[in-house]
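Asks: In order, the protein sequence lines correspond to chains P and D. Everything in the first sequence is counted per the numbering used here, starting at 1 for the first residue and increasing by one. Everything in the second sequence is counted per the numbering used here, starting at 1 for the first residue and increasing by one.
Among the hints, a few may not be true.
Each pair may be met inside one copy or between any two copies, as identical chains are not told apart.
[To be verified] In silico BS3-like pairs for lysine-lysine, Cα to Cα no more than 30 Å straight-line:
| # | residue 1 | residue 2 |
| --- | --- | --- |
| 1 | K158 | K52 |
| 2 | K27 | K157 |
| 3 | K8 | K158 |
| 4 | K52 | K157 |
| 5 | K27 | K52 |
| 6 | K158 | K42 |
Honestly, the hints are just simulated from the structure, not real lab data.
There are 2 protein chains.
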Amino acid sequence: MFESIGAKPLVFTTPVWIIGTYDLDGKPNMMTVSWGGICCSKPPCVNICLRKATYSFAGLVEHAAFTINVPSEELAHEAEFFGRASGRTTDKLAATGLTAVRSELVDAPYLAEVPLVLECAVRHTLEIGLHTMFVGEILDIKAAEEVLDSRGIPDPKKVRPFVYSPEAKVYHGLGVNLGKAGTLYKEITRD
Amino acid sequence: MFESIGAKPLVFTTPVWIIGTYDLDGKPNMMTVSWGGICCSKPPCVNICLRKATYSFAGLVEHAAFTINVPSEELAHEAEFFGRASGRTTDKLAATGLTAVRSELVDAPYLAEVPLVLECAVRHTLEIGLHTMFVGEILDIKAAEEVLDSRGIPDPKKVRPFVYSPEAKVYHGLGVNLGKAGTLYKEITRD
């Protein structure tokens with residue numbers, strides 16, 4: 001039996017990404033978002049959604065660029081801090097001790113300490129409501145050497161990303177490996 | 001040390017959602033996507049991104065509505081099947097034995113067997129490239145009674161959603177509980 005629980009911004013699961021931008025003075029700022037996702041394969045694009053009230057907003061518009069920094073489980077406290085404190089009143093990089101690096105591809109900083117970084121140039125902006133969507137073209141991905149598998153592809157179990165469940169308000173790491181894509185569906189077609 | 005791995009539609013992690021639509025003849029169709037995410041809190045909106053070549057595309061445009069069906073781990077095989085087979089040549093509901101139910105709120109069907117359903121009306125369409133984005137307003141969420149916690153909120157450990165890691169091409173369930181949102185960041189501010 002289904003129960004109606006109303007209209008909410010709720011789905012399982014959402015990502016936890018630290019967004020790197022420069023502010024209007026060119027100072028690096030980091031904020032954490034869970035509203036976003038990959039949105040195109042060619043050109044490779046990803047979107048993130050921000051409220052206008054955030055400190056990152058104006059800088060993102062001005063520089064038309066952002067990075068997505070995928071934190072490992074070890075950085076869960078820092079990731080949440082970047083989402084709670086405001087760059088208006090707090091030097092979040094100093095408070096966390098993490099390091100901003102200037103991207104050579106886009107006008108945005110990334111974090112030296114995360115295992116996976118996407119460098120993105122804004123291609124579309126869409127006003128939706130409380131949130132504005134920025135669609136960024138992924139110009140390059142940088143991965144820490146130690147998280148690459150033998151094919152040079154980031155291994156999720158080495159990256160150790162974590163996810164957020166809205167309303168339930170809880171974070172989970174990755175669990176059991178359910179199998180390789182392209183193998184599971186065969187069980188159905190074999191029927 | 002970071003290694004540049006090029007421009008790809010890769011980020012960790014992406015969701016696995018079964019999208020319910022009616023086709024141009026009003027027949028229910030299901031397809032699976034991993035390109036999408038929540039994109040606004042007010043009004044609550046979520047986006048999904050489809051290639052024009054998919055069978056679901058024309059019906060989604062015509063009916064301006066879709067459902068997001070969040071499969072539990074138990075439905076991983078069916079979810080992948082919905083993403084691999086085409087409604088053009090296969091009756092995917094018959095092949096999986098799953099049941100389409102007509103939404104009373106939007107012109108789209110949902111699956112009776114999933115723990116969590118979002119009923120969405122298309123509000124924006126954005127051409128990005130190979131993929132077209134549909135932003136849907138979430139008009140209601142339906143949750144199976146047995147996945148609700150004592151507050152009436154879906155419990156992710158009962159829903160048991162799973163995630164996809166692009167390029168690595170692997171699915172993972174939810175793992176360790178890293179803590180409640182709103183508690184982790186305090187460790188940083190206490191410094």
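Asks: A separate judgement is required for each hint: does it hold in the structure or not?
Replies: Results of checking the hints against the structure:
1. K158 / K52: Close neither inside one copy (35 Å) nor across copies (35 Å); limit 30 Å.
2. K27 / K157: Intra 33 Å, inter 40 Å, cutoff 30 Å: neither.
3. K8 / K158: between (33 Å within a copy, 19 Å between copies)
4. K52 / K157: neither (35 Å within a copy, 33 Å between copies)
5. K27 / K52: within (19 Å within a copy, 41 Å between copies)
6. K158 / K42: For K158 and K42, only the intra-copy Cα distance (27 Å) is at most 30 Å; the inter-copy one is 36 Å.
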